[in-house]
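Protein chains in written order, with numbering that gives the first Met the number 0: chain A, 0 to 406; chain B, 0 to 164.
The hints are simulated quantities; they were obtained by calculation from the structure and are not laboratory data.
Certain hints may be false.
To be verified - With a cut-off of at most 30 Å between alpha-carbon atoms, the simulated DSSO-like pairs for lysine-lysine come out as follows:
1) A:Lys260 to A:Lys331
2) A:Lys4 to B:Lys96
3) B:Lys16 to A:Lys183
Note that this is a predicted model, so its numbers are computed, not measured.
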Amino acid sequence: MFSNKIYLKCKKSLTLPSMFVYLRYESEAEILRKIEARYTNESNDGLNQIDGIATSIKDWQRIFSPIFQGYLYDEPKYKLIDRIKLIDPSLYLLFTGTDSDKNALLDNIESSSRLKSVVNEISLLSSQKDKTDKNIDNLYPLLDIYFVRNLLQSQIRGGADILISPSVPITSSKRIDEQIEKVKEMNRVSRILLDTVFSGYSEERDLMHVLALNLSVLKNDYFDALKEAVLVNNPDHIGIRVMNLTEGNPSQIWSLLRFIKSLSESKVPVHIFNVREFGYVTFCHGSTTITTPIASDPYFWRAVSEEAPPRKGAYYHPIHMTNDTYDMLLEKTRANNYRFPCHCEICEKFEKVMKVDELYWNEFRRIHFLLVKNMELKELRETTTLKIALRDKFGRSQQTVWLPYLD
Amino acid sequence: MSEMRIPEVLSREEYLKLPPQERERYVREILRQTVNMNRYGVTVPHLSKNLPFDSRTIEKHLSIMRYTNEIYTVKIGPTVLYLPNSRALHPAIEIQKTLEANGREYAVSVLQNRLGEFVFIQEKKKTEFTKEVGGGILVPLSHFNRFVEYLSEIAKQVQNLKREA
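Could you build all of it, start to finish, from the sequences and the hints given here?
The structure is reproduced here in structure tokens:
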């Protein structure tokens with residue numbers, strides 16, 4: 000459908016299949032900068048295969064500043080600044096995020112006090128049904144054209160290369176019609192605003208319409224309405240934010256893959272947000288780009304009452320394609336004198352699991368994750384038949400759960 | 000007159016929620032798009048019937064666009080027809096290169112409209128979010144060489160003035 004490159008209006012390009020990383024913390028931004036400085040040169044590929052960097056609109060100022068600040072010493076050959084920049088309006092956070100996420104989002108965009116008080120009132124409700132009803136009845140009217148305008152303006156000011164139309168998440172089977180209608184309205188308005196009020200940018204910035212989907216509501220009956228909502232007014236890109244994904248629910252996964260396939264027939268690049276290794280599967284069903292969080296589970300929410308998380312986070316095992324706890328990694332590597340099962344630059348440097356200082360572990364595993372993802376993408380881009388290469392890769396791993404979706 | 004083509008527009012309620020300055024920009028841009036979409040011309044009554052703006056607003060913006068030569072008019076009896084001077088619609092020659100000077104951009108195109116063939120020199124000013132048309136002149140194509148010679152002569156005189164100063 001597409002050649003191996005897609006050129007954007009801003010003159011940057013993405014190479015297919017393509018991967019973006021989604022940054023949530025400043026420390027992750029600093030890690031990217033370190034990889035750029037230490038592991039990207041003539042002999043090391045570093046992050047060269049990663050085409051884009053995305054973050055939430057609530058965080059972009061503090062996250063992008065360490066990445067795009069000037070270079071004090073030698074300018075690296077492969078600069079992060081050349082990557083495609085996305086600033087995600089992340090409106091789903093107003094509906095499904097934590098209180099601090101909601102406040103951070105509203106503090107970072109020009110929003111009315113009425114909007115803030117309605118969001119806070121709804122947060123206090125205990126029943127999910129009541130929350131959904133209040134969101135639609137009380138919050139939707141406040142997410143008007145002025146609100147959309149502010150979110151687009153913030154993205155333009157932040158220097159985003161692809162502007163993302165703000166839209167509400169689709170989460171409720173009972174009120175799905177109203178949710179789809181609101182998404183359609185916000186997408187329609189975004190394109191009109193870009194072509195008129197922000198007309199100086201309509202020839203320099205691509206526009207992406209995004210559906211944030213709870214997969215439990217994604218049924219064949221709604222495919223046409225969802226497609227109409229996301230394709231309204233000719234976006235340059237379309238995206239799906241996967242809000243939840245359960246490996247053990249094949250009907251939901253097939254439904255998502257069928258939907259991606261049907262979207263890809265529109266000949267508009269399809270981006271899948273918030274996916275890990277499953278994202279590779281979507282490449283075989285028509286997606287062009289995946290956006291992945293760094294070394295974390297995209298769908299994991301820790302309950303407030305649970306005990307503190309382990310101090311040493313999970314290590315991505317590049318052969319098994321699993322997220323191993325520290326203890327599990329020790330167990331797996333014991334027979335091989337605790338040598339890392341990986342040939343990325345940082346694992347080769349430390350060689351053995353115990354050599355990594357406890358305080359450095361979390362930074363180490365994130366650098367390792369990014370370097371491995373870069374290598375995986377390079378491997379996929381060099382293969383002649385993506386599906387066969389992925390079947391082999393998943394077949395050798397402990398992620399065989401994805402194999403049936405590659406037949 | 001055949002049926003008018005119009006771009007996707009905001010509802011009146013949506014439009015009124017925009018800040019006043021942006022409302023002006025919005026109306027101008029919608030009118031620009033509408034005139035460009037209707038190469039055989041539009042009239043004010045047709046525009047006010049098909050777009051959610053009153054005729055006085057439409058007339059104000061059309062007269063600005065006419066002043067900057069983005070559009071031109073032809074009078075047929077009592078009817079004034081507004082036609083696009085758009086490069087996209089009459090691109091006899093498309094010159095991609097623009098000249099930038101002190102935040103202004105100058106673009107040149109050769110166009111053909113009902114009044115003849117012209118070289119169109121347009122000035123655009125980049126604001127924070129838009130590219131506004133600052134002005135534009137139409138030089139008849141048959142006289143363009145003379146026009147350039149005239150400018151060259153002026154350039155020499157300006158150069159001399161600078162030296163003397």
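Evaluated hints:
no., hint, in the structure
1, A:Lys260 to A:Lys331, "38 Å, violated"
2, A:Lys4 to B:Lys96, "25 Å, holds"
3, B:Lys16 to A:Lys183, "19 Å, holds"
Checked against the numbered hints given earlier, the structure breaks only hint 1 and satisfies all the rest.
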